[in-house]
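The task is simple: from the sequences and hints, build the whole structure.
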Amino acid sequence: MTSLAGPVNQVLGEQILAGERSRSRRWRVQFMLAWLVIVAALVAFVLITINLDTQFIAKWLPFILTGVPVTIFVSFASITLAVILAVLGALGRLSVNPYVNGLASFYVSFFRGTPLLLQIVFIYFALPQMGLVLPEIPTGIIALGFNYGAYMTEVFRSGIQAVPHGQTEAALSLGMSGGTTFRRIIVPQAFRIVTPAIGNDFIAMLKDSSLVSVISVHELLYQAQVAGRPNHKSMQTLLIAAMVYWILTIAFSFFQARLERRQAVGDRSRRPGSG
Amino acid sequence: MNGQGIVHEIHPVELPGPLVPAGAEPIVRATKIEKYFGRNHVLRGCSMTVYPRETITILGRSGSGKSTFLRCLNFLEEPSAGRVEIDDTAVEARPLGDRPRAERERIRKLRTDAGMVFQEFNLFPHLSVIGNLVEAPVHVKHVARPAATELAESYLEKVGLIDKRNEYPSRLSGGQRQRVAIARALTMEPKVLLFDEPTSALDPSLVGEVLKVMESLAHEGRTMIVVTHEMQFAREAADRIYYMHEGQFVEIGPHTQVIDDPQDPRTREFLARFLGPSRSRQAAATPQDEAVAPPPAVGPGPV
Numbered sequence: 001m002t003s004l005a006g007p008v009n010q011v012l013g014e015q016i017l018a019g020e021r022s023r024s025r026r027w028r029v030q031f032m033l034a035w036l037v038i039v040a041a042l043v044a045f046v047l048i049t050i051n052l053d054t055q056f057i058a059k060w061l062p063f064i065l066t067g068v069p070v071t072i073f074v075s076f077a078s079i080t081l082a083v084i085l086a087v088l089g090a091l092g093r094l095s096v097n098p099y100v101n102g103l104a105s106f107y108v109s110f111f112r113g114t115p116l117l118l119q120i121v122f123i124y125f126a127l128p129q130m131g132l133v134l135p136e137i138p139t140g141i142i143a144l145g146f147n148y149g150a151y152m153t154e155v156f157r158s159g160i161q162a163v164p165h166g167q168t169e170a171a172l173s174l175g176m177s178g179g180t181t182f183r184r185i186i187v188p189q190a191f192r193i194v195t196p197a198i199g200n201d202f203i204a205m206l207k208d209s210s211l212v213s214v215i216s217v218h219e220l221l222y223q224a225q226v227a228g229r230p231n232h233k234s235m236q237t238l239l240i241a242a243m244v245y246w247i248l249t250i251a252f253s254f255f256q257a258r259l260e261r262r263q264a265v266g267d268r269s270r271r272p273g274s275g
Numbered sequence: 001m002n003g004q005g006i007v008h009e010i011h012p013v014e015l016p017g018p019l020v021p022a023g024a025e026p027i028v029r030a031t032k033i034e035k036y037f038g039r040n041h042v043l044r045g046c047s048m049t050v051y052p053r054e055t056i057t058i059l060g061r062s063g064s065g066k067s068t069f070l071r072c073l074n075f076l077e078e079p080s081a082g083r084v085e086i087d088d089t090a091v092e093a094r095p096l097g098d099r100p101r102a103e104r105e106r107i108r109k110l111r112t113d114a115g116m117v118f119q120e121f122n123l124f125p126h127l128s129v130i131g132n133l134v135e136a137p138v139h140v141k142h143v144a145r146p147a148a149t150e151l152a153e154s155y156l157e158k159v160g161l162i163d164k165r166n167e168y169p170s171r172l173s174g175g176q177r178q179r180v181a182i183a184r185a186l187t188m189e190p191k192v193l194l195f196d197e198p199t200s201a202l203d204p205s206l207v208g209e210v211l212k213v214m215e216s217l218a219h220e221g222r223t224m225i226v227v228t229h230e231m232q233f234a235r236e237a238a239d240r241i242y243y244m245h246e247g248q249f250v251e252i253g254p255h256t257q258v259i260d261d262p263q264d265p266r267t268r269e270f271l272a273r274f275l276g277p278s279r280s281r282q283a284a285a286t287p288q289d290e291a292v293a294p295p296p297a298v299g300p301g302p303v
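Residue numbers (this note's numbering), protein chains in the order written: chain Y, 1 to 275; chain G, 1 to 303.
This list has only true hints and no planted wrong ones.
Below, a list of computed lysine to any residue pairs in the SDA-like style, where the Cα atoms sit at most 20 Å apart: (1) K141(G) to G179(Y); (2) K109(G) to T168(Y); (3) K109(G) to R184(Y); (4) K158(G) to G221(G); (5) K109(G) to T181(Y); (6) K191(G) to I107(G); (7) K141(G) to E169(Y); (8) K233(Y) to A44(Y); (9) K141(G) to T180(Y); (10) K109(G) to H139(G); (11) K141(G) to D87(G); (12) K141(G) to R183(Y); (13) K109(G) to F182(Y); (14) K109(G) to E169(Y); (15) K109(G) to G179(Y); (16) K141(G) to R184(Y); (17) K212(G) to M231(G); (18) K233(Y) to L42(Y); (19) K141(G) to F182(Y); (20) K32(G) to Q248(G); (21) K164(G) to G131(G); (22) K191(G) to E169(Y); (23) K141(G) to T168(Y); (24) K141(G) to T181(Y); (25) K109(G) to T180(Y).
Taking beta-carbon pairs under 7 Å as the criterion, some of the chain Y residues facing chain G (in silico): (26) G175; (27) T180; (28) I185.
Hints listed in this document are in silico derivations from the structure and should not be mistaken for laboratory results. C-beta atoms are modelled at their ideal positions from N, C-alpha and C, and glycine is treated no differently.
As structure tokens, then:
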């Protein structure tokens, strides 16, 4: 019986494997097909309903694209500010000091409880009444940074709390101080836990940075509107802006995936065959 | 504690001293450790004196307070009362209020002198094996990294894992992880090693490799305090056994006493339950023992 089971099982195993492979190949083809159909339909719709006016696009595209570096700069500066505020906020939220904890929780509550757009226009239009006048770009960075910092405070706090308590005990038992334990053992692990959330927030911020167009920061959406509105070609310019945002998002998603894979070194998730 | 029957009133008997040459200075001295968890009185005046090169095993039922006592020795658990002295560093319990900075530093010193091995290993997953070992020497004792690495490698060699030097903990088996954890504790060159049920989280087939390392450490004269359920280890490696019952040490002595000829009724009951009828080795062997033992024809073996 055992002598028969060997080859029979092997043939069956090969068949199952081949079946799984062809099924997953078919699935991928169908998935890409779905995308292709939707994109083709959209392109066809645009071409049929409006005159794309390639000459107009060729003329104004470089102007619109001057908004891209501004968008990227504002996003990077804001995410940097947000991460700094979030680390401080998370430390505050975990502090045993009631004043520090109170301040941090007030910060989170206030900046999550009011609209981002309101925060932007408030800093730009209302603060000058108190004699505090800030230029457009710093205004945008401060508003975005404080708002996202409030959201990310909670992300960081939960990330720090997600590191098992045994890690702290092991570090303390080796004679590390509380500070060294936090810096060398807790934070590196917490960062790994929150990296996907930070990446997500960054991608969201990339698009929320368009809100600063209301205070005439010359970023991507603003440039698209400047080009489109007077010429009655908003369809063209806004579509271009949309495509550029989309491409930026895809590019950063790609970098994020790579970063996460690199950080996964030493994680359980690195199974044979998955990378 | 379990609410059944009579609670034995413990008289603070003067328990027999350790088997060490007269005049030796103890390296660990825990005095009258008490511990409350809320209203729950977990440790009731536990004292322990350990001399250099001694291996101590703490036995007792789960929930009797063995681990809590061990964790009080390096203040991972704050004792409610009592005093711990390791080498030259003494710290009093301070259950209420904050400790002044100098006292916190003394606790840190005490912890560097007492290496701990945990049931759940608690290796640092973001660091490689060698990274796990050098982290504390570099950042606590400020040893230069090359020197720390050299030291770490010698201890990895000792636990037989030098070839796993650059692996990450997640790629190791449970037994290998625990051996790395032991090497990590050793790399701090502590005066005493504390083991908190080091084999309880392991697959049974991996227990042996860890016990082997621990036995060799005991034989080379490391001072060790081991909370365990491994009777065999207690018998072969421990100089003295402390038996704990409901937060008190009720019997202390060499294995020839505590395991083979227990004096206290509670120790006897525990061993009877734990070891079954084959408590003392001379007693009737179990059927499995019969099947394994080659010699005489006592009867037909299982078919």
